[in-house]
Amino acid sequence: GLADDHDVLSFLTFQLTEPGKMTPPPDAEIADKDKEKYQEEFQHFQQELDKRKEEFKKEHPDTQGQPVDDIYETVSDRELRQIFEGQNRIHLEIKQLNKQLDMILNEQRRYVSTITEEISKRGSNVPSHQGQLELDNIVKTQEEVLRQVAEMKNSVGETQRLVTGIQHHPASSGGIYETTQHFNDIKEHLHVVKRDIEHLVQRNMPSNEKPKCPELPQFPSCLSTTHFFIFVAFQTLLFISYIMYRSQQEAAAKKFF
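Each residue of the sequence shown is one higher than the last, beginning at 1 in the UniProt record's numbering.
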């Protein structure tokens, strides 16, 4: 059986028949007496429903004129809501990517300025060939960084193009399938951009490891082992000499008395 607090819109049933045997229509399997009974029950429930609707309208006059279907979310409304929520998430991701790109560019500028200052400080002490090699390495690094940043910008541009396409065609004929496909493409582009940024950050940013402080040397002991044993032996000899001297004094005193 079904619970009374659930509404069943439709359900499917199946029936197995012998090969070659025609399945009788559903109306033929129900007796006329049962049909009348079911029809009376349906009419009774329909009248009860209409009565409750009228009572609800009288108790809530503010809701009159408002269709019941407007209370619930339709399939199109749900698709539009999902599209707008996805667009908000995409905009947030793009903002985060722009922040990371700015951080990488600032780090590269700082790196170039540091290397340039170091080379200028060395001056004539550094051979010109070595300075030229360092400059060539810096130029190659910058070209690689610019190439990767250009690729990331292209990926971000492709993502924005997909978002714009969804905004201009939110309710296309493809429905939710095309929307899902667009979001999958956008997620793929965002993952590619994130992976490139993480690779670039790990490659170009300086190490975050803090320099270790030098270990303190062990402090020398105030008394060495040899001095300790000499002191103990000397103290023992003094103690034995005192005992022997006291015994001799006591023996002499006994002889005197």
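Treat each hint with caution, since some may be false.
The following label-pair restraints were derived from C-beta to C-beta distances [what the hints assert, rightly or not]:
no.	residue 1	residue 2	range
1	62	151	45 to 53 angstroms
2	55	14	38 to 46 angstroms
3	73	103	34 to 42 angstroms
4	192	107	37 to 45 angstroms
Everything labelled a hint here was simulated from the structure, so no lab data went into it. Ideal Cβ placement from N, Cα and C applies to all residues, glycine included.
Results for each hint:
1. Between residue 62 and residue 151 the beta carbon distance is about 58 angstroms. The supplied range of 45 to 53 angstroms is therefore violated.
2. A hinted range of 38 to 46 angstroms for the beta carbons of residue 55 and residue 14 is consistent with their spacing of about 40 angstroms.
3. Evaluation of the 34 to 42 angstroms hint for residue 73 and residue 103 yields a pass: the beta carbon distance comes to about 41 angstroms.
4. For residue 192 and residue 107, the hinted distance range of 37 to 45 angstroms is not satisfied, since their beta carbons lie about 21 angstroms from each other.
Of the numbered hints stated above, those contradicted by the structure are hints 1 and 4, listed in ascending order.
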